[in-house]
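2 protein chains.
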Amino acid sequence: MELNMFQEHARLFKALSHPTRLHLIGLIRDRNPCVKVLEEELGVAQPNISQHLSILRNLGIVEAKREGNQVCYRIKNPLVLKLLDAIS
Amino acid sequence: MELNMFQEHARLFKALSHPTRLHLIGLIRDRNPCVKVLEEELGVAQPNISQHLSILRNLGIVEAKREGNQVCYRIKNPLVLKLLDAIS
DNA sequence: TTAGTATATTCAAACATTCGAATATATTAA
DNA sequence: TTAATATATTCGAATGTTTGAATATACTAA
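From first to last, the protein sequence lines stand for chains A and B.
Each residue of the first sequence is one higher than the one before, starting from 1 at the first, in the numbering used here.
Each residue of the second sequence is one higher than the one before, starting from 1 at the first, in the numbering used here.
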């Protein structure tokens, strides 16, 4: 197993190592929601949600699509779903 | 999905979010090695290895068994193996 | 007992993450 | 245009993680 593999996997696990991000991923998986919906569901301040979404975007875990006034999110890397299914 | 579930899963993912710990888990899975062997394989200082093993022990991911002079490690929570298989 | 080997713990400095506050940007409606 | 709504970014303080250095503990051999 390559050393860089460990780094890459560690980065992915780190992205999943915060409860808010796991909650976000769960909602995004189910409904491809826009940020407003995520904000209401989580009861977390909007800038904080955007910060967490930014982390997930930068790792290629989710992707954003603007739809008029709002931005909707969906899962980009299905590997993440495999991991979530494996853990629950 | 309960809020505490996200916390619990996040804790597990955090334990897996460091390359050294992933390397350790891989070796432990294959050979149930003692710390000396882990030290040689990883080329990382012994106290640092013990620190990472302590994190994995505290989360119930691995367990230690003293064998005379040395301490051997093995996987305790097989869920971790499911995760590692899912990611690779 | 003492010396040697194997492992664990403690501490502090360096570094990274998290979050609220403030602000910026994008789009729509008036 | 201006105002309103939705989302993103920046910054800094608080907090958490990582690591090397020093030290402690456990066992074995002499």
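Please note: incorrect hints may appear among the correct ones.
Chain copies aren't distinguished; within one or between two, either way the pair holds.
[As the list claims (entries may be wrong)] Below, simulated BS3-like cross-link-like pairs (lysine-lysine); rule was C-alpha separation at most 27 Å, straight line: (1) 65 x 76; (2) 65 x 36; (3) 76 x 14; (4) 82 x 14; (5) 76 x 36; (6) 82 x 65.
Read the hints as simulated data drawn from the structure, not as lab findings.
Here the structure is a predicted model, which is why all the values come from computation and not from measurement.
Verification of the hints:
1. 65 x 76: Cα proximity of residue 65 and residue 76: one copy only (11 Å, versus 42 Å across).
2. 65 x 36: The answer is within: 14 Å in one copy meets 27 Å, while 51 Å across copies does not.
3. 76 x 14: Both ways: residue 76 and residue 14 sit 17 Å apart in one copy and 22 Å across, limit 27 Å.
4. 82 x 14: Intra 16 Å, inter 17 Å, cutoff 27 Å: intra and inter.
5. 76 x 36: Answer is within; shortest intra-copy Cα gap is 20 Å, inter-copy 41 Å.
6. 82 x 65: within (23 Å within a copy, 32 Å between copies)
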